[in-house]
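Note that the protein sequences, when read in sequence, are chains U and X. All residue numbers for the first sequence refer to our numbering, where the first residue is 1 and numbers rise by one. All residue numbers for the second sequence refer to our numbering, where the first residue is 1001 and numbers rise by one.
No lab work stands behind these hints: they were computed from the structure. Where is the CB? At the ideal position from N, CA and C, for every residue including glycine. Check the hints yourself; a few may be wrong.
Derived DEER-like restraints, expressed as beta-carbon distance ranges [to be verified]:
{"no.": "1", "chain 1": "U", "residue 1": "R685", "chain 2": "X", "residue 2": "E1033", "range": "28 to 38 Å"}
{"no.": "2", "chain 1": "U", "residue 1": "K507", "chain 2": "X", "residue 2": "L1026", "range": "23 to 33 Å"}
{"no.": "3", "chain 1": "X", "residue 1": "N1030", "chain 2": "U", "residue 2": "T564", "range": "48 to 58 Å"}
{"no.": "4", "chain 1": "U", "residue 1": "T564", "chain 2": "X", "residue 2": "R1008", "range": "27 to 37 Å"}
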Amino acid sequence: MTSDSGSDLHAGEASGAKGLRRLRGARSVQGKFLLYVVPLVLFSTLLVFGAFEWNARRSAEHQLQVKLEKMVAIQSSVLAESLWNVADAQIKLILTALITDPDVLAAAVYDERERLVAEAGATDQFDKAHYLLESDIQYNSGDQRVRIGSLRIALTDARLSLLVRERLILVGFLAGILLIAVVGATLTANRRIIGRPLGLLMESINLAQSDTPRRSVEWTSDDEIGRVVTAFNEMQQRQTAYEQQLRSANDELERRVSERTAELAGAELTAREARGQLTDAIESITEGFALFDSEDRLVVANGRYREIMLGDADADIAMGTPFADIARRAAEAGRFPNASTSRETWIKRQINRHRTAGSPYIQEIAGNYWQQISNRRTDKGGTVAVHSDITQIKRISDELKRAKDAAEAANEAKSAFLATMSHEIRTPLNGIIGMSTLLNGTELNDEQRDFSDTIATAADTLLTIISDILDFSKVEAGALELESMPTDLVETIESSVELVAAKAAEKGIELACRINPDVPVGILGDPVRLKQILMNLLNNAVKFTEFGEVVLTVSTMMPEASQTPGQTTLLTFEVRDTGIGIPADRMERLFKSFSQVDASTTRRYGGTGLGLVISKRLVELMGGEISVESTLGKGTVFRFTLPGEVAQIPDKISRDAQLAAIRGSNILIVDDNRTNRLILSEKFRAWELLPRAIGGPEEALEVIGSGERFDLIIVDYKMPVMNGFQFTKAVRNRLGTDAPPMILFSSVSPMEESFREGAAKMDYAAMLSKPAKSGQLLSALVKSLAPDTAQIDRSPQAEAESDLVSARDVRVLLVDDNTINQKVGQKILKRLGYDPVVVSSGMEAIESCTSEDFDIVLMDIEMPDMDGIAATHQIREALAGKRVPFIVALTANAMSEERDKYLRSGMDDYLSKPIDVDALSKSIKAARVRRAAQVS
Amino acid sequence: MSTEIINRDAIHRLLSVIGGDKEDLLELLNEFEESAPLLVGKMKAAATEANLDSLRISAHSLKSNSRDFGAVTLADLCENLEHACKSGEVSNPVEKVGEIVRALDVAREALRGISLHDG
Chain U
1 MTSDSGSDLH
11 AGEASGAKGL
21 RRLRGARSVQ
31 GKFLLYVVPL
41 VLFSTLLVFG
51 AFEWNARRSA
61 EHQLQVKLEK
71 MVAIQSSVLA
81 ESLWNVADAQ
91 IKLILTALIT
101 DPDVLAAAVY
111 DERERLVAEA
121 GATDQFDKAH
131 YLLESDIQYN
141 SGDQRVRIGS
151 LRIALTDARL
161 SLLVRERLIL
171 VGFLAGILLI
181 AVVGATLTAN
191 RRIIGRPLGL
201 LMESINLAQS
211 DTPRRSVEWT
221 SDDEIGRVVT
231 AFNEMQQRQT
241 AYEQQLRSAN
251 DELERRVSER
261 TAELAGAELT
271 AREARGQLTD
281 AIESITEGFA
291 LFDSEDRLVV
301 ANGRYREIML
311 GDADADIAMG
321 TPFADIARRA
331 AEAGRFPNAS
341 TSRETWIKRQ
351 INRHRTAGSP
361 YIQEIAGNYW
371 QQISNRRTDK
381 GGTVAVHSDI
391 TQIKRISDEL
401 KRAKDAAEAA
411 NEAKSAFLAT
421 MSHEIRTPLN
431 GIIGMSTLLN
441 GTELNDEQRD
451 FSDTIATAAD
461 TLLTIISDIL
471 DFSKVEAGAL
481 ELESMPTDLV
491 ETIESSVELV
501 AAKAAEKGIE
511 LACRINPDVP
521 VGILGDPVRL
531 KQILMNLLNN
541 AVKFTEFGEV
551 VLTVSTMMPE
561 ASQTPGQTTL
571 LTFEVRDTGI
581 GIPADRMERL
591 FKSFSQVDAS
601 TTRRYGGTGL
611 GLVISKRLVE
621 LMGGEISVES
631 TLGKGTVFRF
641 TLPGEVAQIP
651 DKISRDAQLA
661 AIRGSNILIV
671 DDNRTNRLIL
681 SEKFRAWELL
691 PRAIGGPEEA
701 LEVIGSGERF
711 DLIIVDYKMP
721 VMNGFQFTKA
731 VRNRLGTDAP
741 PMILFSSVSP
751 MEESFREGAA
761 KMDYAAMLSK
771 PAKSGQLLSA
781 LVKSLAPDTA
791 QIDRSPQAEA
801 ESDLVSARDV
811 RVLLVDDNTI
821 NQKVGQKILK
831 RLGYDPVVVS
841 SGMEAIESCT
851 SEDFDIVLMD
861 IEMPDMDGIA
871 ATHQIREALA
881 GKRVPFIVAL
891 TANAMSEERD
901 KYLRSGMDDY
911 LSKPIDVDAL
921 SKSIKAARVR
931 RAAQVS
Chain X
1001 MSTEIINRDA
1011 IHRLLSVIGG
1021 DKEDLLELLN
1031 EFEESAPLLV
1041 GKMKAAATEA
1051 NLDSLRISAH
1061 SLKSNSRDFG
1071 AVTLADLCEN
1081 LEHACKSGEV
1091 SNPVEKVGEI
1101 VRALDVAREA
1111 LRGISLHDG
């Protein structure tokens, strides 16, 4: 648009310049016109007057010639007489008269011999004169003419020239007037006819050029100029109209363009503002922020990010910089202490973390700063990195951790101290109790007995208090671990009540216990701790009640769940008394450490005040809640809830039924080991069976051969002379179909291939490993002697247990260098029904574990040559990828801080020596559970 | 506590742990009678050779066993020696072993009395 108008402008200028040049070369149409007219006028004037002059001169010259001839003719006649007479004077006179004529220049008369007679005028001019005529003078003497001389006359043209000159002046004058007239007329006409309209046109054009509004040219004439002007005006009008149209179109266009431009600018401004706001926002956040595209190239990063990565908020990171470069620069800038040791690895790790965009991670920055980095994927495959400064949080958390560790250490130390102290106190206390008991056994008078009883009671109380403190410290240290075993609720509750009954009776208070029929028989729980809680509450109730009654009620809020083992139920225990009650303002202190209702209570009723605190903690540990309601002077109700899984309890009735089913059976025991025979016989007699124990198989065969019949034969596998299989064959051979069912006893691993195959062929009624637990033995007997009873009365729990056992005997390896410990351990394990393999060094333990498959290894820590930890390590290494036994550390280092150490060093569990039977059986149970899980 | 050479609680505990069979307890006591002098012999040798590692292990074993039977004094002496060996500073080990030997004799005597009395 603009360029077009520019080129128009140029064209205008060019045409203007051309016009100027034209003007300069030929000033004006007038000038040009004059240039043609003036010479023409001059030429025609000259031509006309020239012709006229030429004609006038010719006639004047002719007249002069004629005059000369006449004069000569006349004068010669005149002179003839005179000459004849030789009148020279006369002749002279005549000549002088002649000369008066202005036209005569000179005149001379010559005689017949051409001698000058007379002359007049400037006869020397004869040669030059244009008009010269000589004529003979003849005298007429009778009829004969005689030549007597000659006359010569010269005429001058001076008068003619003068006339010519005058005429020339006149002609010039006339020509001048004519010229002026012509020029004037031309100029006037030109101006009026051409110049004026042209000027107007010019003015109009110039006006048009100077962008002032066009003006039509006011000129009317019927000539060409007039038509040109009209045409021009018309053209101009059209052009004006056209221009107007153009201008309005242009205006419209420009208006639209400016509108669009404004819109565009507005949009751009909005975009720029938004971008600016975004940038400001990104810049203003305290977190380091960076956006990377899908190629891991930087899109935008704020100053904080640059500061974190490069240590300088103004550091230059160009857009498009790959993350790898930034990581490298960060590493080179020494921003990350971790990068200093192995830079390449560090960078690789950063890139990897950056790409995977996983969960946030924490990183140290130079100067003991910490940041948390979270990388997120954007929808377009880019990555947003947010680096938060968590230095403060980290410092606080470190401090907290330190404080916590310190507090825990202090607490641990406190608990350790308490444990030690209570142990140290208990030892002499046991002495006191023992001695007072002994003392009571001696002969004492009443006073002495009273003293002795007081000592015993005091010591007993002290022991209770110490137990409380120990429990409390355990609870406080979080070291109290609850059992989870099938608990006979009725037994636990009733035995608790029973223990308090004596005290209640002493005070004359009614003590009652009511267990709702819908309460389950058993739950999974810790019977010892449940008993402790109940004892606490009951003892309290009895202690603070002088008259009336104490009632324990047990109910359940979920009676339907209570009938199904495995379901979770909620029990409510309530101990209601009619005692002194608790003031309302003291209620909340009730469950706080070392606070009884008031100091006087402590003095009056004794006790540490820990009982309720411990009870509360225990209830909470078990997942229940404890609460209290009390009316001062009326009584108090303690209520606690206990969630638990309903469990099946071995049913005494069904056991009785089993025993009844097999009662009186004749049983033959064939075993070369006397102890085994004795144990079994004793046990069988207790079950009202009729055992017959024989040490040798041959002897036994003799007895059978003699006709004595048995309902069941139990045979040991490993015997001298004849093994269990051979004996069994022999019996079956002899008795045929009359042969009684047989049970095989064995200490051989049932996994031994040959043994297992042999045993399978023999088709025993049952196979038991030595020494058999009572329950297993009874089950086997019932199964063999009264299969119907076994099926009907078999309890689910027994079933579960036999599943665990029959899947495979639990194989126990005991590792201890100390022979006494070996024996103690062996005895405990046998008592629990296991048959341990015993080795006395770490090396042997490794050998045993690699050659045999054990379920559980009890590993002494302190051993010469190779300690238990090292042995455990090697066992784990040797069995890498295979099934590793459950390894339990045994140590005399009793503190629980050691426990973590052992668990960290690869042990599965930890038992302190001297071994606690419950803890050991629990640990083995854990191993069995794991084993069962692995087998299935 | 010179009167308490043997802590009866410990004996009862041991008895209950192994299942309450007094014969078993007797068996263990016999084992102790036999093995303790062997351990003491090892300790003597280790003490004269100043082999702290061996001394420590033997002391540990004797400590463990004597604690099982409630021989408190003996166990404590053994524990002290064990700890000393652990820390690497045992002043006059031979004399310490001598003390242990005397304490062992006292304990064995006491154990014989107890086992007979209880048995």
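Right, here's what the structure says about each hint:
no.	hint	in the structure
1	U:R685 / X:E1033: 28 to 38 Å	34 Å, holds
2	U:K507 / X:L1026: 23 to 33 Å	46 Å, violated
3	X:N1030 / U:T564: 48 to 58 Å	53 Å, holds
4	U:T564 / X:R1008: 27 to 37 Å	48 Å, violated
The structure shown violates the earlier hints numbered 2, 4.
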